[in-house]
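Asks: Here the protein sequences come in this chain order: A, B and C. When we follow this note's numbering, the leftmost residue of the first sequence carries the number 1, and every step to the right adds one. When we follow this note's numbering, the leftmost residue of the second sequence carries the number 1, and every step to the right adds one. When we follow this note's numbering, the leftmost residue of the third sequence carries the number 1, and every step to the right adds one.
None of the hints are false.
In silico contact screen, one side only, chain A against chain C (beta carbon under 10 Å); selected entries:
id : residue
1  : Cys-63
2  : Gln-100
3  : Ser-107
4  : Ile-135
5  : Gly-138
6  : Glu-140
7  : Val-141
8  : Leu-142
9  : Val-144
10 : Pro-178
Under 10 Å between C-beta atoms, here's a sample of chain C residues computed to sit facing chain A:
id : residue
11 : Tyr-42
12 : Asp-111
13 : Thr-113
14 : Gly-149
PhoX-like, lysine-lysine: derived pairs with alpha carbons at most 20 Å apart:
id : chain 1 : residue 1 : chain 2 : residue 2
15 : C       : Lys-200   : B       : Lys-708
16 : B       : Lys-648   : A       : Lys-217
17 : C       : Lys-118   : C       : Lys-87
18 : A       : Lys-210   : B       : Lys-648
19 : B       : Lys-461   : B       : Lys-403
20 : C       : Lys-200   : B       : Lys-704
21 : B       : Lys-280   : B       : Lys-461
22 : B       : Lys-399   : B       : Lys-475
23 : B       : Lys-399   : B       : Lys-461
Just so you know, the hints here were simulated from the structure itself, not pulled from any lab data. Glycine included, C-beta positions come from ideal geometry on N, C-alpha and C.
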Amino acid sequence: MPYTLSKVRIPLSDLLQKTSEDAPSSSSFRPVCFKINLFENKKGSAYVEIGSTRVLAQVVGPCEDSSGDFYEAQIKVVFSGFDEVSIRSQLIGAMRGLIQLHLYAKSLITINLTVLADDGGVLQAALLAASMAIIDAGIEVLDVCVACQVAVLPDKSLLVDPNKSTQTQAALTVAILPNLNQIICIDSSGTMSLEEYEKALEFAVSKAVKLYPIVRKTLFAEMNS
Amino acid sequence: MTDEVQDNGDNSQEKEEEQLGDRSAESGKNAGAVSKSVALSREANRAARALVMESNKLITEDVLALTKTYPACNALIEQQEIRIHNLMKKLMRKAGTGVQPPKLETAEVAQLIERTITATDNLCGDIHMIIDALDKAQRDEIVKIPKQVVGAESTRKYLTAEDKAAAIRRIATNLPSLLAQRMRQRDADMNTRKVAMHIEKPQKKYGFSFCIDNSEEPFKPKLVTKHHTKAPLASNLTVIDVDEGKGKRTWQSDIAQSLHPYAFELEHLKIPEQQLNSKKPIKSTNLEAQEIVLVDSKAKLDELIGILNKEREFAVDLEHHCDRSFLGLCCLVQISTRTTDFIVDPFPIWKDMHALNEPFTNPNILKVFHGSSSDVDWLQRDFGIYVVNMFDTYWAAKKLEFKKFSLAHIVSKIAGETLDKQYQLADWRVRPLPKHLISYARQDTHYLLYCYDVLREELLKKGIEALQFVYENSKSCCARVYEKPKFDSEKCLSLSKRQLNNQQMHALTGLSQWRNQAARSEDEGPEFVMPTYQMLHIAESLPRAEQEILACCYPLPPLVKQFSNEIYKIVWSARVLPQEKKSLTSASSDENRSNLLEKYVDEMNRMTAAKALLRCNIDFSHTNFDEEIGGLPEELLNDAGTKQDVLKKLQRDSYLPVLLGLSGSEKEIMVVGRNKYKRKLVNSIVKELEEWVSPYECYQILEKREAKRRKEEEEKNQEQ
Amino acid sequence: MTSMETDVASSSRVVIPGESLFPSAEDLRPGKGTYELHGHIYSSLLGYVYVREDTTDSRNIRVIEVRRNEERHQHVSPHIGAIVTAKVINIGPRYAKCQLLSVEDTILGGDYTALLRKEDIRSTERDKIEISECVLPGDILLARVISFGDTVTSFLISTAEEQLGVVMATGETGEKMMTKDWNTVQGVETGRVETRKIAKVPNLNLHSTTKAK
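The following block holds chain A by itself, in its conformation from the complex (with noise of 0.2 Å):
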């Protein structure tokens, strides 16, 4: 099996619990790293990086698919490294919001997730890392999509991208478009009362849109090179 050299060093303390980072701020993501176009394919690619959670999204389509509806084309999601069902039928729901499907007619989009760490967030990474490649992909969307998770801590203050030891009464994770201002995924989980979850979700809208810039940069960053 071919294999090949790199010179990243990881430090062991990265694979361990982590016990000397910083406490999270309440109103930051983690550090976060995104880069579209990996393999010089025709497929779509896409990598994101928030804190500990990596996810790569590679896109393949769209493909012929006989058996497929003529009105619209039909998204297939394959994840790897994860077993969330309900996080492939989320990811499904926001790409249908995502894709102007109705150019495709008789086609199948394949989208291929591969979770290499999970530190908490790994559906708001999906969501970024998904879009983006569909977008590197060249298929025709309405808009860039951006994602954000937010928790509930049980002390009621709004925590912004937590990770996975953080202690939360409930988590929320909502994908907008910014541009249209619309939602296309909210997923939501623990308790909350009413006005914690319209709190919650506010806070999470304008925090997501503090990453379209970054998204943004991504893409020209690509064109440019």
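Given chain A, put chains B and C in place with the hints provided.
Replies: Frame of chain A, contents of chains B and C only:
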């Protein structure tokens, strides 16, 4: 044993009797029979209940085995069996169930049960038939049956020979008169319809065709004098224009045509007190007793007007004919007062009919109509008669939630008379008016005043608002302004149910236009000029010769024969048109076909309301798909505000280099460096690839050449 | 491949999906890579903005497109009425199975198969056709998509027009054939003549000597 059997039988029987009791209660005709049947069903209920209670006291199966060992009990049981069996036999025969209980010696319980069930089923079946017949009678219009006809009696129920003979004799004696009457009626029918073709057109005969304006000009009101005015007529219609240099000018306002001359009066109409108070309804007089007065001269008309002016209310109805006239003709005006029925023949007095305006627009005299919307239009159109203060029995029936709103139903329900509706579609232009037509016509208004009285009482019982409702709606009917029918070429295309190509469409439009114009100039109904189905036939088959056109139209209308040349020209001009092939896509054939992708894409990308709903999965409930939404604020697009919020990781700190390393080394790059020969080869290959024309490009070039050629031809044709 | 586009004005402006390009106007048409919503024309692809003049319909319409690279569009899907270039894979008694190579002038990315039915090959004498006299495996055709087909069959294409049909043929023996006249092709090397349903399209490659794709 037999207890279950009795249960079943009686339960269903009592249910049926109850139903019958209810139904006969509804028909409301024979009060005596109603109470009788209700009482009967109650008694049957009571008896059944008692029976069930008694039968429950009977001994059960296991105790029966013991009791059967006692000979005395056995004898009692057998005796009762025989008695019950006889009773059942008699009952079944008398009730006419057509079934007999099985013989006692060979009877089994199951057989007995079966027979009893069959018996009750037959009874139920009979009862259902009766109920159905009653229902049907209620639903349908009760058709008047001449009194001489004796219904054919079924002979199968007669058991004795004498009864049979008597029945046959009865039918035989009535046969001549029955048949004769039917024959006479049928003759009369045929005559009225045949006459339609040979009647001289009243417009010509009585010389009022100049009153009829079939042109495309908007309808001009025919009002001559405005009686009972509250607002002067002129002020509605004229506009006085003061111009600096030219002095005063009066313009006829072009909204005049759409204004009702009595609009002001109708708006400010105050319903007279006597119409709002409750009064005992006055029954209409017997048909034979009441006089019919035929009004067909100016003198008689003046007399009628004098009488009407003194009345407090009168009923009005019109008979209309539309086959042999473009706009339609009023053939008869029926007016009824409490004492007399007047039939006004408008043909001799056409120009003088407007004098009827005096009683018709008098706000203190009530006019009773039924279904007045078309009547009001026709009065305006032909005579210039307007109506102020009207009661429309149709709206009263609607408000009182009658089952049906036809005049016949109202009259039958209130006055109990059945109207003979067979002459509704006869040709009313026939003169002199035959007797049966006159008597048919007067019936329409004869009962109307009594119906008005009863309806008024019913409405007042509901409340004064109900009565006001009817008056409001009647008023809006009066306020109708007649408008001439306009010819719409779009509508004529929708006449055809099939897809037509451009030749057929052209022919259909041309024929419709010709038909409309011919109808207007000859003053005939369009259907008389050329029936629609014949027009469609010609348009679809595009016959080549004049004979074929005439063959398409069977039966041949006289005007088609007269103008067959015109029709032939229209069809020929349609045939000459180049046939446009209907292409698969909506692009017309002479457009550049290679633009299809563009058009398709444009169609796909442009949002319409339907597409927004169907295709876009996003939510349009807050802003419509075509309304502007605010864009993202500028700061968001720059980095400025976000430096604190989102930290960017350096690439080397992430796993990216690992991933990128995987693909980097697999690129194939052709290095054509040193070898000159190889370089030349590569260059030549590249050049050939660039020069090679793909098949689609050849196709596009062909299309462009075709388009250019066609354009040149068109220009050449235009120059010629 | 030579470019058939005329009057393309490119800008060096890079846009991302969702960016509002222009407010909607009567003379602006949202072309490929854009869509119109909320009164604006938005981009739906990552790429460069192109504005093209379109003068059919005797109106001056500017078509806004967004493309990743200059020449071609990235993903197309065959739609009804489109002219496609197809290669015949195999033939049967009632139809010929083809692989779609390109839709109009965009090469298809995926593997699209289409069926050419016997009755759709010609518009005249539709029931007396022998498929092997009209197309053979290996031929390149110009055809029009007439239907999406159902779950079993894929796209249906038709060559029932004069300008559609075989443009480049492969003979029974596998050699390349060039069109001789309206009904026949002739082998380049052997001179063998076979019949095909030929597209009446000018052949501008007569001088070319490269092998067929």
